[in-house]
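Undergrad: Given the structure of chain A, go ahead and fit chain B onto it with the hints provided.
What follows is each chain in one-letter form.
Number of protein chains: 2
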Amino acid sequence: MEKLKEQLPDGFESLELFLEESYPADIADFLSKLDEEEVKYIFREKLPREIWSEVISYLDHDLMYFLSRFFSESELSDILSDMHPDDAADFLGSMPVGKVKETLNLLRTNKASELKRLLGYDDESAGGLMTTEYLAFYSDQTAQQVLEKLREISPDAEMIYYIYVISRTKELVGVLSVRQLLAAQPDILLEEIMNNNVIKVSVNLDREEVAHIFAKYDLLALPVVNNKNQLMGIITVDDVIDVIEEEATEDIYKMAATADINVERNGLLSGVKKRIPWLLILLVGDLMSGTVIRNFETPLQQVVALAFFIPVLMDMGGNVGTQSLTVVVRGLATGELHFSRFWSHLWEELKVGIVMALILGSSLSVVALLWQDNPVLGLIVGISMFITLVTAIIAGTTIPFIMEAIGADPAVAAGPFITTLIDMSGLFIYFTLATLLMEKLL
Amino acid sequence: MEKLKEQLPDGFESLELFLEESYPADIADFLSKLDEEEVKYIFREKLPREIWSEVISYLDHDLMYFLSRFFSESELSDILSDMHPDDAADFLGSMPVGKVKETLNLLRTNKASELKRLLGYDDESAGGLMTTEYLAFYSDQTAQQVLEKLREISPDAEMIYYIYVISRTKELVGVLSVRQLLAAQPDILLEEIMNNNVIKVSVNLDREEVAHIFAKYDLLALPVVNNKNQLMGIITVDDVIDVIEEEATEDIYKMAATADINVERNGLLSGVKKRIPWLLILLVGDLMSGTVIRNFETPLQQVVALAFFIPVLMDMGGNVGTQSLTVVVRGLATGELHFSRFWSHLWEELKVGIVMALILGSSLSVVALLWQDNPVLGLIVGISMFITLVTAIIAGTTIPFIMEAIGADPAVAAGPFITTLIDMSGLFIYFTLATLLMEKLL
Numbered sequence: 001m002e003k004l005k006e007q008l009p010d011g012f013e014s015l016e017l018f019l020e021e022s023y024p025a026d027i028a029d030f031l032s033k034l035d036e037e038e039v040k041y042i043f044r045e046k047l048p049r050e051i052w053s054e055v056i057s058y059l060d061h062d063l064m065y066f067l068s069r070f071f072s073e074s075e076l077s078d079i080l081s082d083m084h085p086d087d088a089a090d091f092l093g094s095m096p097v098g099k100v101k102e103t104l105n106l107l108r109t110n111k112a113s114e115l116k117r118l119l120g121y122d123d124e125s126a127g128g129l130m131t132t133e134y135l136a137f138y139s140d141q142t143a144q145q146v147l148e149k150l151r152e153i154s155p156d157a158e159m160i161y162y163i164y165v166i167s168r169t170k171e172l173v174g175v176l177s178v179r180q181l182l183a184a185q186p187d188i189l190l191e192e193i194m195n196n197n198v199i200k201v202s203v204n205l206d207r208e209e210v211a212h213i214f215a216k217y218d219l220l221a222l223p224v225v226n227n228k229n230q231l232m233g234i235i236t237v238d239d240v241i242d243v244i245e246e247e248a249t250e251d252i253y254k255m256a257a258t259a260d261i262n263v264e265r266n267g268l269l270s271g272v273k274k275r276i277p278w279l280l281i282l283l284v285g286d287l288m289s290g291t292v293i294r295n296f297e298t299p300l301q302q303v304v305a306l307a308f309f310i311p312v313l314m315d316m317g318g319n320v321g322t323q324s325l326t327v328v329v330r331g332l333a334t335g336e337l338h339f340s341r342f343w344s345h346l347w348e349e350l351k352v353g354i355v356m357a358l359i360l361g362s363s364l365s366v367v368a369l370l371w372q373d374n375p376v377l378g379l380i381v382g383i384s385m386f387i388t389l390v391t392a393i394i395a396g397t398t399i400p401f402i403m404e405a406i407g408a409d410p411a412v413a414a415g416p417f418i419t420t421l422i423d424m425s426g427l428f429i430y431f432t433l434a435t436l437l438m439e440k441l442l
Numbered sequence: 001m002e003k004l005k006e007q008l009p010d011g012f013e014s015l016e017l018f019l020e021e022s023y024p025a026d027i028a029d030f031l032s033k034l035d036e037e038e039v040k041y042i043f044r045e046k047l048p049r050e051i052w053s054e055v056i057s058y059l060d061h062d063l064m065y066f067l068s069r070f071f072s073e074s075e076l077s078d079i080l081s082d083m084h085p086d087d088a089a090d091f092l093g094s095m096p097v098g099k100v101k102e103t104l105n106l107l108r109t110n111k112a113s114e115l116k117r118l119l120g121y122d123d124e125s126a127g128g129l130m131t132t133e134y135l136a137f138y139s140d141q142t143a144q145q146v147l148e149k150l151r152e153i154s155p156d157a158e159m160i161y162y163i164y165v166i167s168r169t170k171e172l173v174g175v176l177s178v179r180q181l182l183a184a185q186p187d188i189l190l191e192e193i194m195n196n197n198v199i200k201v202s203v204n205l206d207r208e209e210v211a212h213i214f215a216k217y218d219l220l221a222l223p224v225v226n227n228k229n230q231l232m233g234i235i236t237v238d239d240v241i242d243v244i245e246e247e248a249t250e251d252i253y254k255m256a257a258t259a260d261i262n263v264e265r266n267g268l269l270s271g272v273k274k275r276i277p278w279l280l281i282l283l284v285g286d287l288m289s290g291t292v293i294r295n296f297e298t299p300l301q302q303v304v305a306l307a308f309f310i311p312v313l314m315d316m317g318g319n320v321g322t323q324s325l326t327v328v329v330r331g332l333a334t335g336e337l338h339f340s341r342f343w344s345h346l347w348e349e350l351k352v353g354i355v356m357a358l359i360l361g362s363s364l365s366v367v368a369l370l371w372q373d374n375p376v377l378g379l380i381v382g383i384s385m386f387i388t389l390v391t392a393i394i395a396g397t398t399i400p401f402i403m404e405a406i407g408a409d410p411a412v413a414a415g416p417f418i419t420t421l422i423d424m425s426g427l428f429i430y431f432t433l434a435t436l437l438m439e440k441l442l
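First to last, the protein sequences are chains A and B. Here the first sequence stands for residues 1 to 442, where the numbers follow the UniProt record's numbering. Here the second sequence stands for residues 1 to 442, where the numbers follow the UniProt record's numbering.
In case anyone wonders, no lab produced these hints; they're calculated from the structure. Incorrect hints may appear among the rest.
[Unchecked claim] From chain B, some residues computed to sit far from chain A (all C-beta separations above 12 Å):
{"#": "1", "residue": "23"}
{"#": "2", "residue": "77"}
{"#": "3", "residue": "173"}
{"#": "4", "residue": "174"}
{"#": "5", "residue": "339"}
[As the list claims (entries may be wrong)] Below, simulated DSSO-like cross-link-like pairs (lysine-lysine); rule was C-alpha separation at most 27 Å, straight line:
{"#": "6", "chain 1": "A", "residue 1": "33", "chain 2": "A", "residue 2": "5"}
{"#": "7", "chain 1": "B", "residue 1": "40", "chain 2": "B", "residue 2": "5"}
{"#": "8", "chain 1": "A", "residue 1": "216", "chain 2": "B", "residue 2": "216"}
{"#": "9", "chain 1": "B", "residue 1": "351", "chain 2": "A", "residue 2": "274"}
[To be verified] Covered stretches of chain B (chain A as the covering partner; in silico rule of three or more C-beta atoms under 8 Å from a C-beta of chain A):
{"#": "10", "stretch": "83-91"}
{"#": "11", "stretch": "100-110"}
{"#": "12", "stretch": "217-231"}
{"#": "13", "stretch": "309-319"}
{"#": "14", "stretch": "354-360"}
For clarity, every value in this text was computed on a predicted model and none was experimentally measured. Glycine is no exception: its CB is placed at the ideal position from the N, C-alpha and C atoms.
The shape of chain A in the complex, shown without the other chains (with noise of 0.2 Å):
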């Protein structure tokens, strides 16, 4: 175990010291970068038992599993009953079933349910993001009832943003600030104090969906009801960070048809698993993009010359319409750009569009012209740049929303996919073009 010591973040001398003068997040990011023997040891020997919950919770799921594997039942219900009760449903998630189900018969019987009950949620859904520590009172109740509980539970900062006023049949009525608590006279019932339009979201939502209501809204938690408005628990907005990155994150691996790879952990099969199936679909486009010029063998052996600009036809086109297409595939996961804009956007598009293929078509022309000094080629290609790009433009704008429409994540249209589909039109109208002026080509 000495070579532990290399991998120690900067000045740190011993593996104790940093163990015991860090932070739960950074013990969790150096234990990640361990082998499992190193994890094991140090979990063993070196890190103190009343830390394990808070270092576990910052841990990935590949981790988690692992050492769900590698700890006890009994020990792994101690761990979760230190744990929030949003963190220990994620660990249970990654736990193999048998696990779980001892796990949780180990657990106090309310603990277990209330987690049986998480589990249950999608985690794409507030249901999988919302823990059930949170503050509610009955409408009746009075300021100064409140203000004594308060007191006499202490909670942690995470749940005093907001007071829940629910009724006695666990409706969500109204919301409170510790403020206007403090204000209140103490004899006051909430209901005449609480502000009832409160910002609320269903435990089925979609994760994204709620992050932009906090991201809209700057909430710093959000409670969440069941389809009887009964309230289920809350969403802090510690959680919803972590969504937006991992969301994020998401969408630009998808539009560069790719998936993150860690080779080290996952090893390299799957690494490959990732990429070679989109990699073999653009194969076959691109393939039939081949297939476009072939048939046109004849009119490039008269005139090969036309093979130069192959390149600038099949780039510019993919470019322009990635652009347009990653405007509305972003403007659609931030909710900036909604399905009801798609024809005035598609308006804006053109006409910045319609500007650009003139300016690119006639600049390409003009080097034709300078490069072959044959005007006609010159005017083929200038055409066929300006007619591919406003296809381009087009088809990069049309599509997300299409997708959109029809339920399927407009991120997965993105760049490789439409750059193939732009080449083999731009191709086919190059060389339709040229094949139709050709006697005047020679």
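TA: Relative to chain A, chain B alone:
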């Protein structure tokens, strides 16, 4: 102003009802869809003055700028004094210089000087994000004194996540949670119960770094200190959410060599200006790819079939390069990847890349053979594909790291540029091989 009705969100009968029942964020949303006359009308005739400042703090900078020119200095100073300091600084930042000066003159001197200080910080820095509303007490005060003070000022939720402890010379020495405070003996000194290991940032730290720290430690607020370790302000998590979304969007746009365009507001020309420069650069790059082909005119004339594989070689190189590049760009942006991991990451990518290059190269050889029934051509195409893909992986992985190292933004290297680069090298490899094996080809 009749047409205003049509623009109301669904379910609202009248403008009055909407303005009365909606959250400031929703009203701001609505205003951003209207033309300037309508916005003026709503502020003058409809919107109750007491919510002006809240609504304005949710508007984008264009609209803030417009309003700052529309309101009088005295109105502006009223609005500013109702705002949170960080929002007020944003609003001031969007005003014409003249207005700023005159408006500050009308403000309470201490508020004015506070805002001047906040204005001094770069928007992209921790200083630009922070607010000066926070709770700080001296280390030699007692828990009792602090609790009394808290009841007296009844702070709003955003402020009571943490209580910061400072020395008499304003140096940040510790932090306390409300919970610790409530649990403490009344007469104990803060320095005896505080946590001295405070996570803090410097006023000049880039806001993207700030966001990473929030995400990593699940913080609710982060103290900001100057180079003397004096507490200058705090950043609250709700402001960081916007940062993360904006930074992700910026990166995504850069990777597509574009920028958001809102022709409606910014006009057609600015829309074109935002995209055409990149495209002109790329046009030149693509023409260079064209010249590569041009330099091999003779082999192409002899074996026109060589042209059929230009699209697949170009696109696949671009696709694979973009995949590698995207993983690095995003990894560097989220802090998952660091410069120190360059070699290990490059090695991971290479292993995956070589396997993929073998699969794709050999399958392309087969296709070429079947198409043209020419084993030599198949060989040339396959080998070119293999070399191109491996080059693409190396370029795609290395270039963003280099840009990071020289302090440039890795995202700018992305997508189109790398693609154009790889196209050129790919075509060069392809045609060089072809010329070398020419007599075998015929």
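Undergrad: All the hints need checking, so say for each whether the structure fits it.
TA: For each hint, the structure was consulted:
Look at residue 23(B): its CB is around 6 Å from the nearest CB on chain A, not clear of 12 Å, so calling it non-interface is violated. Distance check on residue 77(B): its Cβ is at least 24 Å (rounded) from any Cβ of chain A, clearing the 12 Å threshold; non-interface status holds. At roughly 17 Å, the least C-beta separation between residue 173(B) and chain A is larger than 12 Å, which holds for a residue marked as non-interface. Residue 174(B), annotated as away from the interface, keeps every beta carbon of chain A farther than 12 Å; the closest lies near 15 Å.
No beta-carbon of chain A comes within 12 Å of the beta-carbon of residue 339(B); the shortest separation is about 14 Å. At most 27 Å may separate the alpha-carbon atoms for a hinted pair to count; residue 33(A) and residue 5(A) meet this at roughly 13 Å. Restraint check for residue 40(B) and residue 5(B): the C-alpha separation of about 16 Å stays at or below 27 Å, so the hint holds. For the hint pairing residue 216(A) with residue 216(B), the CA-to-CA distance comes to about 22 Å; that is within 27 Å, so the pair holds.
Between residue 351(B) and residue 274(A) the CA atoms are separated by roughly 14 Å; this keeps the pair inside 27 Å, and the hint holds. Only when three residues or more bring their CB closer than 8 Å to a CB of chain A does the claim for the stretch 83-91 of chain B stand; here the count is 0, and the claim is violated. A stretch counts as covered by a chain when three or more of its residues have a beta carbon under 8 Å from one of that chain; for the stretch 100-110 of chain B and chain A the count is 0, and the coverage is violated. Figure legend: the stretch 217-231 of chain B, annotated as covered by chain A; annotation consistent (4 residues with Cβ-Cβ distances under 8 Å, at least 3 required).
Coverage of the stretch 309-319 of chain B by chain A holds in this model, with 9 residues showing a Cβ closer than 8 Å to a Cβ of that chain against a need of three. Judged by the Cβ-Cβ criterion of 8 Å, the stretch 354-360 of chain B is covered by chain A as claimed, because 4 of its residues qualify and three suffice.
This entry does not satisfy hints 1, 10 and 11, going by the numbered hints stated previously.
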